[in-house]
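Trainee: Next come the chains, spelled out residue by residue.
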Amino acid sequence: MNELLEVRDVVAGYGDGPAILNGASLKVQPGKVHCIIGPNGAGKSTLLKAICGMLKVRQGDVKLRGEDLKGLRPDQVLKKGICFVPQERALFPKMTVRENLRMGGFSLEDKSDLEERIDEIEERFPILKERRDQHAGTMSGGQQQTLSMARTMIIRPDIVMLDEPSLGLAPKIVQEVFDIMHVMAETGITVLIVEQNALMGLKNADWGVVLDLGRTLFEGPADEVLADPRIQELYLGGKKAA
Amino acid sequence: MAEIIQIVVLGLALGGVYALMGSGLSLVFGVMRIVNLAHPSLIMGGAYVAYWGFRLYGIDPLIMLPVAAVILAATGVILYKLFFEREARSAKYSEMTVLLTFAVAMILEGGLATAFTNTQRVTSPEYATDAFFIGSVFIPKGQLYAGIVSLVLIGGLALFLKFSRFGYAIRATTQNREAAELLGVNVNFVGLASFAIGVGLAGAAGTLVSFVFSFYPSKHWEWIAVLMSLVVLGGMGSILGTVVASFLLSVIAAFVGYYFGATWSTLTFYIALFVVLLVRPQGLFGEKPELA
Amino acid sequence: MVTTDNSQDIIAQRRAYNETLMQAQDKTRATWFPIALLALLILLPLLQLTGTNYNYVIHLTLYTMCYVVMASGWNILGGFAGYISLGHNVFFAVGGYVAGMLFARLGISTIILAPFAGLVCAALGYVIGLITLRVRGPSFIISSLALVMIFRIAFENWHFIGGAAGVALPANGLPVEWAKLPYYYAFLAMAAFALWASYKIKHSKFGMGLRAISVDEIKAESAGIDTRFYKVLAFALSAFFVGMAGAVWGEYLTYIRPNIFLVILISVNMVLMCILGGKGTVAGPAVGAILIIAFNEFFVATLGASTVNILATGVIMAIALIFFPLGLVGTLARHRKLPRILNWD
Numbered sequence: 001m002n003e004l005l006e007v008r009d010v011v012a013g014y015g016d017g018p019a020i021l022n023g024a025s026l027k028v029q030p031g032k033v034h035c036i037i038g039p040n041g042a043g044k045s046t047l048l049k050a051i052c053g054m055l056k057v058r059q060g061d062v063k064l065r066g067e068d069l070k071g072l073r074p075d076q077v078l079k080k081g082i083c084f085v086p087q088e089r090a091l092f093p094k095m096t097v098r099e100n101l102r103m104g105g106f107s108l109e110d111k112s113d114l115e116e117r118i119d120e121i122e123e124r125f126p127i128l129k130e131r132r133d134q135h136a137g138t139m140s141g142g143q144q145q146t147l148s149m150a151r152t153m154i155i156r157p158d159i160v161m162l163d164e165p166s167l168g169l170a171p172k173i174v175q176e177v178f179d180i181m182h183v184m185a186e187t188g189i190t191v192l193i194v195e196q197n198a199l200m201g202l203k204n205a206d207w208g209v210v211l212d213l214g215r216t217l218f219e220g221p222a223d224e225v226l227a228d229p230r231i232q233e234l235y236l237g238g239k240k241a242a
Numbered sequence: 243m244a245e246i247i248q249i250v251v252l253g254l255a256l257g258g259v260y261a262l263m264g265s266g267l268s269l270v271f272g273v274m275r276i277v278n279l280a281h282p283s284l285i286m287g288g289a290y291v292a293y294w295g296f297r298l299y300g301i302d303p304l305i306m307l308p309v310a311a312v313i314l315a316a317t318g319v320i321l322y323k324l325f326f327e328r329e330a331r332s333a334k335y336s337e338m339t340v341l342l343t344f345a346v347a348m349i350l351e352g353g354l355a356t357a358f359t360n361t362q363r364v365t366s367p368e369y370a371t372d373a374f375f376i377g378s379v380f381i382p383k384g385q386l387y388a389g390i391v392s393l394v395l396i397g398g399l400a401l402f403l404k405f406s407r408f409g410y411a412i413r414a415t416t417q418n419r420e421a422a423e424l425l426g427v428n429v430n431f432v433g434l435a436s437f438a439i440g441v442g443l444a445g446a447a448g449t450l451v452s453f454v455f456s457f458y459p460s461k462h463w464e465w466i467a468v469l470m471s472l473v474v475l476g477g478m479g480s481i482l483g484t485v486v487a488s489f490l491l492s493v494i495a496a497f498v499g500y501y502f503g504a505t506w507s508t509l510t511f512y513i514a515l516f517v518v519l520l521v522r523p524q525g526l527f528g529e530k531p532e533l534a
Numbered sequence: 535m536v537t538t539d540n541s542q543d544i545i546a547q548r549r550a551y552n553e554t555l556m557q558a559q560d561k562t563r564a565t566w567f568p569i570a571l572l573a574l575l576i577l578l579p580l581l582q583l584t585g586t587n588y589n590y591v592i593h594l595t596l597y598t599m600c601y602v603v604m605a606s607g608w609n610i611l612g613g614f615a616g617y618i619s620l621g622h623n624v625f626f627a628v629g630g631y632v633a634g635m636l637f638a639r640l641g642i643s644t645i646i647l648a649p650f651a652g653l654v655c656a657a658l659g660y661v662i663g664l665i666t667l668r669v670r671g672p673s674f675i676i677s678s679l680a681l682v683m684i685f686r687i688a689f690e691n692w693h694f695i696g697g698a699a700g701v702a703l704p705a706n707g708l709p710v711e712w713a714k715l716p717y718y719y720a721f722l723a724m725a726a727f728a729l730w731a732s733y734k735i736k737h738s739k740f741g742m743g744l745r746a747i748s749v750d751e752i753k754a755e756s757a758g759i760d761t762r763f764y765k766v767l768a769f770a771l772s773a774f775f776v777g778m779a780g781a782v783w784g785e786y787l788t789y790i791r792p793n794i795f796l797v798i799l800i801s802v803n804m805v806l807m808c809i810l811g812g813k814g815t816v817a818g819p820a821v822g823a824i825l826i827i828a829f830n831e832f833f834v835a836t837l838g839a840s841t842v843n844i845l846a847t848g849v850i851m852a853i854a855l856i857f858f859p860l861g862l863v864g865t866l867a868r869h870r871k872l873p874r875i876l877n878w879d
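Order-wise, the sequence lines are chains W, C and S.
For the first sequence, the working numbering begins at 1 and goes up steadily by one.
For the second sequence, the working numbering begins at 243 and goes up steadily by one.
For the third sequence, the working numbering begins at 535 and goes up steadily by one.
Derived by calculation from the structure, the hints in this document are not laboratory data.
Every residue, glycine too, gets a C-beta built ideally from N, C-alpha and C.
Wrong hints could be hidden among the right ones.
Among the chain W residues that face chain C by a calculated CB cut under 7 Å, a handful are [unchecked claim]:
# : residue
1 : P74
2 : D75
3 : L78
Once the Cα atoms are required to be at most 27 Å apart in a straight line, the calculated DSS-like pairs of lysine-lysine come out as [claimed, not checked]:
#  : chain 1 : residue 1 : chain 2 : residue 2
4  : S       : K753      : S       : K739
5  : W       : K129      : C       : K404
6  : W       : K27       : W       : K63
7  : W       : K111      : C       : K404
8  : S       : K871      : C       : K334
9  : C       : K334      : W       : K56
10 : W       : K27       : W       : K203
11 : W       : K94       : W       : K63
12 : C       : K323      : W       : K56
13 : S       : K739      : C       : K334
14 : C       : K383      : C       : K461
15 : W       : K79       : W       : K63
16 : W       : K80       : W       : K56
17 : W       : K79       : W       : K27
18 : W       : K70       : W       : K80
19 : C       : K404      : W       : K94
20 : S       : K739      : C       : K323
21 : W       : K129      : W       : K172
22 : C       : K404      : W       : K79
23 : C       : K323      : C       : K334
24 : W       : K111      : W       : K80
25 : W       : K56       : W       : K79
26 : W       : K80       : W       : K32
27 : W       : K80       : W       : K27
28 : W       : K70       : C       : K323
29 : W       : K79       : W       : K111
With the rest of the complex left out, here is chain W:
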């Protein structure tokens, strides 16, 4: 199996604080949707932040196609092809939707086709075309999530990492978010998603990863993870329904 991204025994935490991750590992295969689940405080978001360079990796390895990412700043990791959408929907509230999309292409070396790329995104997500000149801060939560996810596609990254994209959205909208995720996967982007709603996340993923206490407990095909009785008991609320 050739991994696109390999995370091995990573130890990381915030500032000088205690380590949140105590040896987390992860293998990411190209073109698939990976879902990380686990209880609160398991280190799911921390893992994504460690990969994208927002947190310092104290021990362990983070390798993209065999190339070490450790010690790079977020803007450098982005240039390698990994894009991260944090929980707080990283938008610029006082910029228009179009300007937000333009910021999405900030890291492009060659900006000559930036406008065409933006047009392409607008075609794919008509709501963004409709709201083009509106300030991003005035949109609904679902629209904001659409914008922040669509924006990552401008630079055509290899991997997009999403930190709980469904957080705070109405159930009806949540499915839309997963639909966007599938659109991404169809265009060849590898997706790595952290999801609080483990059931929903695993159902929408190809590959499941269970994290607890800063360590990887299990990883495997999403349907196998979903069917495992231990995981059902511990992390899916004990319900047998699935």
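Put chains C and S on the given structure of chain W with help from the hints.
Mentor: Using the frame of chain W, we list chains C and S on its own:
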């Protein structure tokens, strides 16, 4: 009626200078979340550059403006590297940086006072004491020129922020630092550059101050609360807000000064600061109250 | 499916982690030390009986104790609750003026008036706190600076209290070697009281609440703490101590004048002492006061100019903030190297 117009004109003339004094402060707060209490003492530094240029070589303060801006911007880079860069990830960031800027203010005050004493200084180009007359209303030339230069500089800054690639990066960092970082903005460099620009603006403002007000190193304490009132009323981080607040407050202060005496006119700014914090902590153009 | 770890191991890990959190701090304390220090300070004026004049030593000790009172007071708000005020010299001034004016008119000693002046400051602090504590962080710090400017202008222009020239107060009629002693003992009593009160506050429910506020105010509030009342009360208490110190300070100097009390350096000193000694600790402000007064004396003695003093104070403050943000007591405690005699918490 003529009296009232006269007061408004005098207020507006000073408002421009205040706007430039405050806008660098606002920029640095917006991008870096640093409340730079050293800003007034950096303005003082700019004023001394103009003063010595004028005193030793007879150079007009307005010509010294770019020189002061560059010298102070370089000072800004040094200060940033020395004091603020390492605090970027500190948990008590806003508290730490505000106290550090306070320490910097004391270092600058002590340094300037040791070098140049606490004697009152002023540069006196001819226009500083001259005035235009429109009917019975007089407009002091010095304040008028200073106001125009201020507005040109602030306008340039606004265009730069709105249209340049780097301006995009600065605005993005102001609005959402983390998001900007994740989209490929090198936020550390943006921080350094905007700190340098903000301090450079302080240097530019200092050259204008040198012929509008008299100054001495320990005077910066009086300016801190004045400038803070502009920035808080405008909405911390909003440069447009700072400009509007500057004109508004300096006109009000001119009225207070006219009717109650000059002592009380500075009180306007301090009282305004309190009232704003009490009634609308986010200021005129701010979105939400600034929390720790 | 790959299982990279078994759950037993993880449960053991969590248990171990919880235990490290549970490990109680080293509580050993040397109660004898503060008592011995107090006794030493009570006996210090006996030096005057040796025939040599030790007024300078008495003055420096008194001056340090004055700052112990103020810094400890500041620490209640700035250290425990985490609200940095750069405007606490306002209460120093109000305390000084309330007691000084009553002393000038009625002849009652400020030493007797000090608690009253402190209460006036506490009331004033309560009202000001109601206004300024609506905002946090940088906004609060700015508002505290504005407060100083407002009071400075008001005091300099209020003729009843002497305006900028201030009011001269009569000196006591004691012989020169004993003249300082009433104030010396007043400040000693206040300093001891302030430290004792700090200890009591820190260990009360109120003190716990303040510390919770300083860590995370929103969480403290959702945990059921009346944060608003706690903060304002902390503001009032800290004003009380600073005001008491101001009351006696005026009579000691024999005049009250705005530029004695309302200079920024006094505020800075309070803040700096707490930072250097250790914010939020009981001993910190006292340790900081001793260090800063010693530094100041050193600079005045060697370099003379007060401008250099300002420069040096700024440099010390910057160094302390960057390298010892927890202060001497805090840093030593973190590394578990705090000598037992300084563990007053």
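Trainee: Work down the list of hints and note, for each, if the structure agrees.
Mentor: Evaluation of the provided hints:
Checking W/P74 against chain C by beta carbon gives a least distance of about 5 Å; that is within 7 Å, so the hint holds. Annotation: W/D75 was flagged as interfacial toward chain C, and the flag holds, the nearest CB pair being 4 Å apart, inside 7 Å. The interface hint given for W/L78 holds, since its Cβ lies 5 Å from the closest Cβ of chain C, which is under the 7 Å cut-off. Annotation: proposed proximity of S/K753 to S/K739 holds, straight-line Cα distance about 16 Å (limit 27 Å).
With a C-alpha separation of about 22 Å, the suggested pairing of W/K129 with C/K404 holds against the 27 Å cut-off. About 10 Å separates the Cα atoms of W/K27 and W/K63, which keeps this hinted pair within 27 Å; it holds. Distance hint between W/K111 and C/K404 is fulfilled; the C-alpha atoms sit about 18 Å from each other, no more than 27 Å. A C-alpha spacing of about 24 Å is found between S/K871 and C/K334, which places the hinted pair at or below 27 Å, so the restraint holds.
With a C-alpha separation of about 19 Å, the suggested pair C/K334 and W/K56 falls inside the 27 Å cut-off, and the hint holds. Of the pairs offered as hints, the one joining W/K27 and W/K203 holds, with about 19 Å between alpha carbons and a cut-off of 27 Å not exceeded. Restraint check for W/K94 and W/K63: the C-alpha separation of about 36 Å exceeds 27 Å, so the hint is violated. The suggested pairing of C/K323 with W/K56 holds, with an alpha-carbon distance near 21 Å, which does not exceed 27 Å.
Restraint check for S/K739 and C/K334: the C-alpha separation of about 24 Å stays at or below 27 Å, so the hint holds. Between C/K383 and C/K461 the CA atoms are separated by roughly 24 Å; this keeps the pair inside 27 Å, and the hint holds. For the hint linking W/K79 to W/K63, the alpha-carbon distance of about 14 Å falls within 27 Å, and the restraint holds. Note on W/K80 and W/K56: the hinted pairing holds, with a Cα-Cα distance of about 17 Å set against a maximum of 27 Å.
At most 27 Å may separate the alpha-carbon atoms for a hinted pair to count; W/K79 and W/K27 meet this at roughly 20 Å. Taken as a hint, the W/K70 and W/K80 pair is honoured in the structure, with Cα atoms around 12 Å apart against an allowance of 27 Å. With a CA separation close to 12 Å, the supplied pair C/K404 and W/K94 stays within the 27 Å bound. Distance check on the hinted pair: S/K739 and C/K323 sit about 42 Å apart at the alpha-carbon level, beyond 27 Å; violated.
Using a Cα cut-off of 27 Å, the hinted pair W/K129 and W/K172 holds, with the two alpha carbons roughly 22 Å apart. Between C/K404 and W/K79, the direct Cα distance comes to roughly 25 Å. Compliance with the 27 Å bound is thereby established for this hinted pair. Restraint check for C/K323 and C/K334: the C-alpha separation of about 19 Å stays at or below 27 Å, so the hint holds. For the proposed pair W/K111 and W/K80, the alpha carbon gap of about 17 Å is at most 27 Å, so the pair holds.
Using a Cα cut-off of 27 Å, the hinted pair W/K56 and W/K79 holds, with the two alpha carbons roughly 18 Å apart. Pair hint W/K80 plus W/K32 holds up; C-alpha atoms about 18 Å apart against a cutoff of 27 Å. At most 27 Å may separate the alpha-carbon atoms for a hinted pair to count; W/K80 and W/K27 meet this at roughly 17 Å. Of the pairs offered as hints, the one joining W/K70 and C/K323 holds, with about 24 Å between alpha carbons and a cut-off of 27 Å not exceeded.
Restraint check for W/K79 and W/K111: the C-alpha separation of about 14 Å stays at or below 27 Å, so the hint holds.
Of the numbered hints stated above, those contradicted by the structure are hints 11, 20, listed in ascending order.
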